[in-house]
Amino acid sequence: MTTSPERPRSHLFYQSRRRRPLLDQARGVYLWDVDGKRYLDGSSGAMVCNIGHSNERVLEAMRRQMEKATFGYRLHFENEAAEKLAEKTAQLAPSGMERAFFVSGGSEAVESGIKLARQYALAKGEALRWKVISRFPSYHGATLGALAVTGYTPMTAPFEAMMRPMPKIPAPRAYLDGLDPDDPATGAHYAEMLERRIVEEGPETVLAFIVEPVGGASTGALVPPAGYMRAVREICTKYGVLLIHDEVMSGGGRTGKFFAGEHWNVDPDILVVSKGFAAGYAPLGAMLAQDHIVDAVLDDGGFIHGYTYAGNPLACAAGLAVIEEIENQGMMANAAKIGALLKERLKGLMNRFPFIGDVRGEGLLLAFELVSDRVTMTPFPASLGLHDKLVEIAYSKGLIIYSRRTRGGYEGDHFLVCPPMIATEAHVDEIMETLTDSLAGLEAEIGPLLDRSA
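Numbering (our numbering), first residue to last: 2 to 455.
It is worth saying that the hints were derived from the structure and are not from the lab. One thing to keep in mind: the hints can contain errors.
Derived DMTMM-like pairs: lysine to aspartate or glutamate, alpha-carbon spacing no greater than 20 Å straight-line [claimed, not checked]:
{"id": "1", "residue 1": "Lys338", "residue 2": "Glu263"}
{"id": "2", "residue 1": "Lys390", "residue 2": "Asp359"}
{"id": "3", "residue 1": "Lys390", "residue 2": "Glu325"}
{"id": "4", "residue 1": "Lys398", "residue 2": "Asp25"}
Assemble the whole structure, with the sequences as input and the hints as a guide.
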């Protein structure tokens, strides 16, 4: 949907020339534009607003902090909000992670994690370690350092001359490779790709392996196959490679656990989180690391890194209030319960629409993928732009979903359906009704291209 032609020219520099309606207000799982149209936030923004919009207890906590101080530079003062949030985050984090470094977003968190890893290697006298292996496809952020470990060609190709691209291994997309994700042999198959790449690169040069425990936008809520997460942990330990969990999207309770890595009882060496960490109430992220890593870097002269807004008291007050709401309102349990219901309803759409090839995810981090042939998993021609068309159809009907190209950025179409963790069965009904209507509209448009024999 586009706005009326009477709308004045915007002086903001957006990513494209597409205009959207002017936002008026947001409450719970809904947003309203200035014309009064209501939208169900079926993707929590960009999988950010985990606790829903305009939670009064979070807003009140922010008001209290604003009356005290909105900024105190971290080299001049410690602040109570940051100290309390760090203590709470350490309680939620894997064993051995007792300290947090706060940032303003996911890209900053990833940058912080890979820079800490490098400084740790230097502190240990292992200066040859600098390579950070990641997966293809993957997305780890928009800054040059985070892009270097990102595997999403349209986003990385324009900037390759300005950065040092890092080694990649295939993401464990068993559904595309015709493998059984519940078979431990499948997990071992993909994990062995990491070991082979470490050996090829030279173990003494490999610094870290960064992985999303449950995939984000680039892979569409990809859940790793059986045994994969444990196997990559063991491989990293074997070769002295640091394991970094990118929980920017999967952290904050959306999968039913505060950190998605908990589903496999696997502890990383470094963990980064953002998005749902403050749920959109303020720009906030965090990087945590095992204490021996932090201590080694601090003892070697300190962490040569920082941001002006690191540990901002207002953002930290918001983050602490968000976590309290998640715990006090039982939102993680609700994410697991409503997520299971929504996932089954999405799977049910496969009976109605033969061009839905896969439904996947954990908790309320869910996605479905379109294919032209369900047997071969052949994608639709990229020229059709279906990942954009379905989003626009749904948006016109008042449902917001999130899409990306499945296969490295140039082809394939998947859609994330990730409402806030306060979603109810009634909200699931509303999502499914509008999504079904939207898919029917898309089906009418692409009907001649469908392979009904699939």
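Each hint, compared with the structure:
1. Simply put, Lys338 and Glu263 have alpha-carbon atoms about 17 Å apart, close enough for the 20 Å limit, and the pair holds.
2. Simply put, Lys390 and Asp359 have alpha-carbon atoms about 19 Å apart, close enough for the 20 Å limit, and the pair holds.
3. Straight-line distance between C-alpha atoms of Lys390 and Glu325 comes to about 38 Å, which puts the hinted pair past the 20 Å bound.
4. For the given pair, Lys398 sits about 18 Å from Asp25 by alpha-carbon distance, which is consistent with the 20 Å threshold.
Checked against the numbered hints listed earlier, the structure breaks hint 3 alone; every other hint is satisfied.
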